[in-house]
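*Asks:* Quick note on the numbering used here: the sequence shown kicks off at 85 and runs consecutively.
These are computed hints drawn from the structure, not numbers from a lab.
This one's a predicted model, so the numbers in the text were calculated from it and none came from an experiment.
By construction, the Cβ of each residue, glycine as well, lies at the ideal position given by its N, Cα and C atoms.
There may be inaccurate statements among the hints.
To be verified - Here are the computed lysine-lysine pairs in the DSS-like style, where the Cα-Cα straight-line distance is at most 25 Å:
#1 K362 with K138
#2 K142 with K246
#3 K246 with K132
Said to hold, decoys possible - Computed beta-carbon distance windows for the label pairs:
#4 S108 with N247: 39 to 49 Å
#5 F336 with L292: 41 to 51 Å
#6 A109 with Y254: 17 to 27 Å
#7 M245 with F201: 22 to 32 Å
#8 F336 with L205: 19 to 29 Å
#9 N247 with P276: 38 to 48 Å
#10 L335 with L279: 24 to 34 Å
#11 N104 with T189: 36 to 46 Å
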Amino acid sequence: MKLLIATTLIWSFSFSIIGNVISSAVDSWSLAFYRSLLGFIFFLPWIKKSKISKYQFKLMPIGALQIGLMYIFYLSAFNFTTVPRVLLFTTTTPLYIAIADSFVTKKFRSSIYFLAFFSMLGALLIRTTYFDQDDLVGFLFIQCANICFALGQILYKTHKMKNNDDTDIYSDFAFFFFGALLVSCGGLLISPYSLPLSLGIIDVIAILWLGIIATGLGYFMWNRGAVVVSSSTLAVTNNLVIPLGLFVEVLFFSNNAHLELLVIGTCIIIASIVSSLKIDTN
């Protein structure tokens, strides 16, 4: 659980950095490539040719789905809508995790759906706003991203629990990120934009943060944390980034927020996490 919370704190800055700091010269396809590439390079030194296993190769399609494909949808949404609305549109992730868990494990657990809806309610209370046609396009992109991320989390969790062998976990994530890198390379090939190579210092610093810290370290910690909690706890914890991300947006980028609703919604999300942890204990 500590790993999930630590990762959430890191990710709470990512939304605002993408929406407010990185210049328009860096398109979503290129940013997805840079983030996947830096994540792969971060773990590349741990690969040992003599210890490569089939288990590690199976991590590649999981990384391709959870990060590679998800990034293309997620980052494209910022071209159509604002940071607060992107955060709002991610509220459905717990529901997709519940559905993915039922699909992968072939078990229906009513508690995970109840807690997922409870967490979604808390997240929806935080932000009420009007939408236009561009926001609808952004919403659809984020829903595709949410589905990829949710299914990727459950697939990694079940794959790791079934194959909890002695492979080096750092080496594992080199394969995980290589799968993501393959998808982002494919995205570049069909992208109407060319890869920006001449970047300002602010863009470089932001991309390094997003690639090494938020992507490389962040997804390593998140997936490691996902293995040791229940799917219910994993589902509801996904929405904790929403109030924290909005807090960062308000604090550093002067966006308005309904503080009363922010507090109430945050309390509901935290209550859903605590309830899930108590159910796990019992």
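*Asks:* Each hint needs a verdict: does it hold in this structure or not?
*Replies:* Consistency of the hints with the structure:
1. K362 with K138: 36 Å, violated
2. K142 with K246: The hint holds at about 12 Å.
3. K246 with K132: 22 Å, holds
4. S108 with N247: 39 to 49 Å: Given about 43 Å between the Cβ atoms, the range holds.
5. F336 with L292: 41 to 51 Å: 19 Å, violated
6. A109 with Y254: 17 to 27 Å: 33 Å, violated
7. M245 with F201: 22 to 32 Å: 25 Å, holds
8. F336 with L205: 19 to 29 Å: With a Cβ separation near 27 Å, F336 and L205 satisfy 19 to 29 Å, so the hint holds.
9. N247 with P276: 38 to 48 Å: 40 Å, holds
10. L335 with L279: 24 to 34 Å: Hint holds: Cβ distance 33 Å, inside 24 to 34 Å.
11. N104 with T189: 36 to 46 Å: 39 Å, holds
Violated hints, in rising order: 1, 5 and 6; the structure is consistent with all others.
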